[in-house]
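S.K.: Chains as they are written, first to last, in UniProt numbering: chain A, 1 to 265; chain B, 1 to 265; chain C, 1 to 265.
Careful: at least some of the hints might be erroneous.
Since the list gives no way to pick one copy over another, a pair counts as held whenever it fits inside one copy or between any two copies.
Said to hold, decoys possible - Below are the DMTMM-like pairs computed for lysine to aspartate or glutamate, each with C-alpha atoms no more than 20 Å apart in a straight line:
no., residue 1, residue 2
1, Lys-190, Glu-250
2, Lys-77, Glu-49
3, Lys-235, Glu-250
4, Lys-158, Glu-109
5, Lys-190, Glu-228
Since the hints were made in silico from the structure, they are not lab data.
Residues per chain are reported as follows:
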Amino acid sequence: MDFHLEQNLSNLRNTVPLVHNITNFVVMNYTANALLAAGASPVMAHAVEEVEEMVSIAGALVVNIGTLSAHWVAGMKAAMVTAAQLGKPIVLDPVGAGATSYRNETLTELLDVASPTIIRGNASEILALAGASVQTKGVDSTAASDLSLEAAWALSKKFDCVVSVSGAIDVIVKGNQTAFVSNGVALMTKVTGMGCTATAIAGAFAATVADPFEAAVSAAAMMGVCGELAYRNAKSPGSFQIAFLDCLSEITPAHLAELAKIRIS
Amino acid sequence: MDFHLEQNLSNLRNTVPLVHNITNFVVMNYTANALLAAGASPVMAHAVEEVEEMVSIAGALVVNIGTLSAHWVAGMKAAMVTAAQLGKPIVLDPVGAGATSYRNETLTELLDVASPTIIRGNASEILALAGASVQTKGVDSTAASDLSLEAAWALSKKFDCVVSVSGAIDVIVKGNQTAFVSNGVALMTKVTGMGCTATAIAGAFAATVADPFEAAVSAAAMMGVCGELAYRNAKSPGSFQIAFLDCLSEITPAHLAELAKIRIS
Amino acid sequence: MDFHLEQNLSNLRNTVPLVHNITNFVVMNYTANALLAAGASPVMAHAVEEVEEMVSIAGALVVNIGTLSAHWVAGMKAAMVTAAQLGKPIVLDPVGAGATSYRNETLTELLDVASPTIIRGNASEILALAGASVQTKGVDSTAASDLSLEAAWALSKKFDCVVSVSGAIDVIVKGNQTAFVSNGVALMTKVTGMGCTATAIAGAFAATVADPFEAAVSAAAMMGVCGELAYRNAKSPGSFQIAFLDCLSEITPAHLAELAKIRIS
Chain A
1 MDFHLEQNLS NLRNTVPLVH NITNFVVMNY TANALLAAGA SPVMAHAVEE
51 VEEMVSIAGA LVVNIGTLSA HWVAGMKAAM VTAAQLGKPI VLDPVGAGAT
101 SYRNETLTEL LDVASPTIIR GNASEILALA GASVQTKGVD STAASDLSLE
151 AAWALSKKFD CVVSVSGAID VIVKGNQTAF VSNGVALMTK VTGMGCTATA
201 IAGAFAATVA DPFEAAVSAA AMMGVCGELA YRNAKSPGSF QIAFLDCLSE
251 ITPAHLAELA KIRIS
Chain B
1 MDFHLEQNLS NLRNTVPLVH NITNFVVMNY TANALLAAGA SPVMAHAVEE
51 VEEMVSIAGA LVVNIGTLSA HWVAGMKAAM VTAAQLGKPI VLDPVGAGAT
101 SYRNETLTEL LDVASPTIIR GNASEILALA GASVQTKGVD STAASDLSLE
151 AAWALSKKFD CVVSVSGAID VIVKGNQTAF VSNGVALMTK VTGMGCTATA
201 IAGAFAATVA DPFEAAVSAA AMMGVCGELA YRNAKSPGSF QIAFLDCLSE
251 ITPAHLAELA KIRIS
Chain C
1 MDFHLEQNLS NLRNTVPLVH NITNFVVMNY TANALLAAGA SPVMAHAVEE
51 VEEMVSIAGA LVVNIGTLSA HWVAGMKAAM VTAAQLGKPI VLDPVGAGAT
101 SYRNETLTEL LDVASPTIIR GNASEILALA GASVQTKGVD STAASDLSLE
151 AAWALSKKFD CVVSVSGAID VIVKGNQTAF VSNGVALMTK VTGMGCTATA
201 IAGAFAATVA DPFEAAVSAA AMMGVCGELA YRNAKSPGSF QIAFLDCLSE
251 ITPAHLAELA KIRIS
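Throw the hints in and build the complete structure from the sequences for me.
M.R.: This is how it looks when you write it as structure tokens:
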């Protein structure tokens, strides 16, 4: 399988997709800037009074539960229902899944109203989400990385969606397909919202790439490659977060394709 | 007409006006930092329980509808009523006007409780706002830029306020007066919240310049000139947003007056 | 008294404490990044549905009233009650105390449900908070700096907590102990949320240092020293805020201990 990274980023930049984000307070500014830098157009709107109209003019919906409260959950549900009806891609970030019952219950409610196109989280979030909705084979006999892969497969099958697990090596699964993206640097874990940004960028690719699996792989590669480029000049978290935005804007489609390290199994 | 940019910026910095912002989640940090850098003192408070007291100690009120919800609208209305009663300048940013019915209806409600001193938006927002509240002459026979100018004039007359339309060339109108500010760089459209920041800076000038038209022109010039200065050293959006804050702080009143490109018609 | 700064910062970084923040919209991104850079792990969660669970897995709770509204206050109270029951340190930032009745009343309510471990604010906030809850000896015969010291002592006695007053010289009091930290640069007042960041960093030290007085002094020293280091390369507010995050990450425990200027009386 070939992932057409060059063409996908070119298309994203030519299309300038509107990405509707219902996301958390911590990362809103950064993910909006990342979407702009990458070539998309962000809009943030959460009120139940307007999310249906907003998602109807957007190319994709990104839902992120980082800083939940009741009226935001109502907006998330309404937006997801409309997105599903209109066939718009939905990208879900289960931030902090497993940390509190409220997050777990909210995720169950959200997944009840519509299946996401892509779920993107870190290993512990994917494990928690899978644990809440599917049966895994138990922890004892399985290595952690195998476990999260198993959880990703289970989630993917249950919701018929792509599951993207961020880590030192990103793992993206859909049905029988599995891709590994081994770009990125450890410093990315020291900047808040890098995972949320990966989710937002997945929304931008999902709005412009027909195959959600390819969209998720393209987004993971874009994040990892730009992380590596930013790290060349910025070794500390403050300057890194700024350099990363610069790289999202400066990277050429050809350079992305050249630097991406993707393995399929 | 002469705009006294040097004196206006000096006054702003000597006065350090308190600017009360009820603004959106995406830009709050950036507009607060921009106000501080320019020489003002920002405060953010949205609860209906406290906005009346807060606006009463402020020099100006900035209302921005970027991320609406019902209890924020209640706070906006209460603050605008109090500001109008106390004669404090009100600057309104109709973010996303025209995108959803909820935004249009909220703008109608806000404009019903008090007329702003300055309305600042981009061309599509000003067109949408004018379309919702005044009759324009139709799109067919008029170029887009002429149309937004016509919309700005109509809004200005209807609400007896200054209307500032941001774009490659900013247009500021009040009654029969029209000013064009041709500073700025295209990269400003790739940083989230630059328009919201223009609105906040307009609030700072409105708090310290007697004539609202001159305040709006001064703010547009300050934004555009600092954009040009920042662009000298920062060509990508991450580093540009940081350089822009630096320039807001570093620019001297004399340098602002020297670099501003203002034309009156 | 010796403050073991080197060991305290080493412990913080080895422990990577989870700091639960219920803070304001303006600073959330920056304080999360500051906590990560310093070596802690931030989580933001405000909903009454989940704060009890969240605080139970955290090392400390930080409550900051910068952008209040009713359902956030409910979350703050629930979190403080749980933190007190579980013996977790609580750090309270009374942002804007004295500016509105709503802030004063909210602070009274919060202090009724649980005594904080550390209260950190600027002089006017500490004076307002003390004025609302204890009797000071009157303004006329006392210099301002003496007054805020008197207010800090009064608050410390009333709530049996540490009180940390930020300023050109930070003053930290607990019972009969008083420490003065004379690090820092004036430019810190031109970046929004530096005070809120001091509060968050105090939360990180409170989670990992047994003595709250020593935790508060360590946090004040960390902030001031990193401010001085950042200022070496960044003299304007935009670049300073980024350099400051870099310094929080780069500073070694030994360097912190070497540069801290602490006086005890």
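S.K.: Evaluate each hint against the coordinates.
M.R.: These are the hints, each one checked on the structure:
no. : hint               : result
1   : Lys-190 to Glu-250 : between (22 Å within a copy, 12 Å between copies)
2   : Lys-77 to Glu-49   : both (12 Å within a copy, 18 Å between copies)
3   : Lys-235 to Glu-250 : both (19 Å within a copy, 10 Å between copies)
4   : Lys-158 to Glu-109 : within (15 Å within a copy, 46 Å between copies)
5   : Lys-190 to Glu-228 : within (14 Å within a copy, 22 Å between copies)
Every hint, counting from the list given before, is met by this structure.
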